[in-house]
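So the sequence lines, in the order shown, correspond to chains A and B. Positions 771 to 1003 (this note's numbering) are the ones given, in order, by the first sequence. Positions 771 to 1003 (this note's numbering) are the ones given, in order, by the second sequence.
Hints should not be assumed to be uniformly reliable.
If several chains are the same, the list does not tell them apart, and a pair holds so long as it fits within one copy or across any two.
[Said to hold, decoys possible] Cut-off 30 Å, straight-line C-alpha distance, at most; resulting in silico cross-link-like pairs (BS3-like, lysine-lysine):
| # | residue 1 | residue 2 |
| --- | --- | --- |
| 1 | K952 | K855 |
| 2 | K879 | K854 |
| 3 | K855 | K884 |
| 4 | K888 | K855 |
| 5 | K930 | K884 |
| 6 | K855 | K879 |
| 7 | K888 | K999 |
| 8 | K930 | K855 |
| 9 | K884 | K842 |
| 10 | K884 | K999 |
| 11 | K999 | K855 |
| 12 | K842 | K945 |
| 13 | K789 | K933 |
| 14 | K842 | K879 |
| 15 | K952 | K930 |
| 16 | K854 | K884 |
| 17 | K888 | K854 |
| 18 | K842 | K952 |
To be clear, the hints were calculated from the coordinates, so they are not data collected in a lab.
2 protein chains.
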Amino acid sequence: MTSIELNAIGCIATPFKEKFGIPRQSGLCLKATGVIELAANQDSRDGIMGLEVGSSIWLIFQFNGVAECSTKYSVRPPRLGGQKKAGVWATRSPHRPNRLGLSLVALEKIENSKEGIKLHVRGVDLLDGTPILDIKPYLAYADRCDSTSPSWLAEQQFKKIEKISFSDAANEELKAAGEDFKILLEELLEHDPRPAHQRELDKEFSFQLADYDISFRPSSDGLEVTQLKNLNC
Amino acid sequence: MTSIELNAIGCIATPFKEKFGIPRQSGLCLKATGVIELAANQDSRDGIMGLEVGSSIWLIFQFNGVAECSTKYSVRPPRLGGQKKAGVWATRSPHRPNRLGLSLVALEKIENSKEGIKLHVRGVDLLDGTPILDIKPYLAYADRCDSTSPSWLAEQQFKKIEKISFSDAANEELKAAGEDFKILLEELLEHDPRPAHQRELDKEFSFQLADYDISFRPSSDGLEVTQLKNLNC
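Just chain A, with the same shape it has in the complex (with noise of 0.2 Å):
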């Protein structure tokens, strides 16, 4: 088969330092947000002409963090509650060959100064550092249809946590966080971030966001964040 090589034209920084907590696609999370740096040269400058604020771009990048050797053609998805298998052409699993991931995200400003070009977007699912490939923009007469999803996720219902609670020790710390960051954890937890088969324990999960590190457990009627804490103090 042929073999190809390609450059990343960008970088993007989001608060996803690692796997667990990202959201599982593009636009789940509209306070997710990330910075696509481009390199500063007059390249990106002409190539950035008659981007929309405002308007909607896709993403093609590879998963970082996914080894190659992680293929799996016959994957378990998340949404399937981690039990039925599906075919990786009928996923968007990143564990696919070539580790190509597609997102669809809100361009919110753009920076074109001296010391380089930068995007902002909203609504990312993708990790920190993760290199870009290739911007396009949203085409509503050729990229919009009106297939529904694969009836094999309809299947699963997509439940949300109905409460998000937070001790009185991660209130505090949140003070100093913000209200956005309050409002994307809400957001991320919302979605569930624990894999399928774990849901059921009464157990405590911590994960990176940002520049905290964030404790969570089950509660009565939903998760608890017990504890934030900011790795930079």
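Put chain B on the given structure of chain A with help from the hints.
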């Protein structure tokens, strides 16, 4: 910047033997069909499990027949009549860094036999022989958005050619080519494949479509197919 090596997962056969005449996006010409041939092995058999006939799939591919050195960061999109400029990231031009393409096609039939695995798709805009890098299911909850197309596209009307007619000689050849081929040809010509700056000329154009050499020219109320020549005869 990061360098990345990819391998084609398959190759698509389409009626488009040259760039002239290819629909300017996927989904525009529903009679434009293609057949993706995947490697005839167990991995491919596992990978297609759960793909559903009647659903839509994304193809990520590398534009075929586009030289790496032809990358233009500032392009003149055909939709703007070839006059105004736009940055490559604001367009779907094939002359882009990494030459990646993204097309949404309808999956019509899956052939899974000892000889190989073939996915029959509809609405293609890919050159014959294009290497396919990834196949993903269309996910309505992540891929559909309310964004319209970029406003610079809205400036240009999507004017279709009003009438496609056929000379007596062309009509005679079409009897052998079949009704589907005629409809495909009509669809393609309705979208006017001529370069914007040559649309006012009283000039004949020729291009290859499947096994036919097609010639057409302006008529009083549209375009007339003057000749079809079966290249296998």
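We went through each hint and held it up to the structure:
{"no.": "1", "hint": "K952 with K855", "in the structure": "neither (35 Å within a copy, 42 Å between copies)"}
{"no.": "2", "hint": "K879 with K854", "in the structure": "between (41 Å within a copy, 24 Å between copies)"}
{"no.": "3", "hint": "K855 with K884", "in the structure": "between (50 Å within a copy, 23 Å between copies)"}
{"no.": "4", "hint": "K888 with K855", "in the structure": "between (40 Å within a copy, 21 Å between copies)"}
{"no.": "5", "hint": "K930 with K884", "in the structure": "neither (44 Å within a copy, 44 Å between copies)"}
{"no.": "6", "hint": "K855 with K879", "in the structure": "between (40 Å within a copy, 21 Å between copies)"}
{"no.": "7", "hint": "K888 with K999", "in the structure": "within (29 Å within a copy, 52 Å between copies)"}
{"no.": "8", "hint": "K930 with K855", "in the structure": "within (23 Å within a copy, 45 Å between copies)"}
{"no.": "9", "hint": "K884 with K842", "in the structure": "between (43 Å within a copy, 22 Å between copies)"}
{"no.": "10", "hint": "K884 with K999", "in the structure": "neither (35 Å within a copy, 57 Å between copies)"}
{"no.": "11", "hint": "K999 with K855", "in the structure": "neither (37 Å within a copy, 49 Å between copies)"}
{"no.": "12", "hint": "K842 with K945", "in the structure": "neither (43 Å within a copy, 48 Å between copies)"}
{"no.": "13", "hint": "K789 with K933", "in the structure": "within (23 Å within a copy, 55 Å between copies)"}
{"no.": "14", "hint": "K842 with K879", "in the structure": "between (37 Å within a copy, 24 Å between copies)"}
{"no.": "15", "hint": "K952 with K930", "in the structure": "within (17 Å within a copy, 51 Å between copies)"}
{"no.": "16", "hint": "K854 with K884", "in the structure": "between (51 Å within a copy, 26 Å between copies)"}
{"no.": "17", "hint": "K888 with K854", "in the structure": "between (41 Å within a copy, 24 Å between copies)"}
{"no.": "18", "hint": "K842 with K952", "in the structure": "neither (35 Å within a copy, 43 Å between copies)"}
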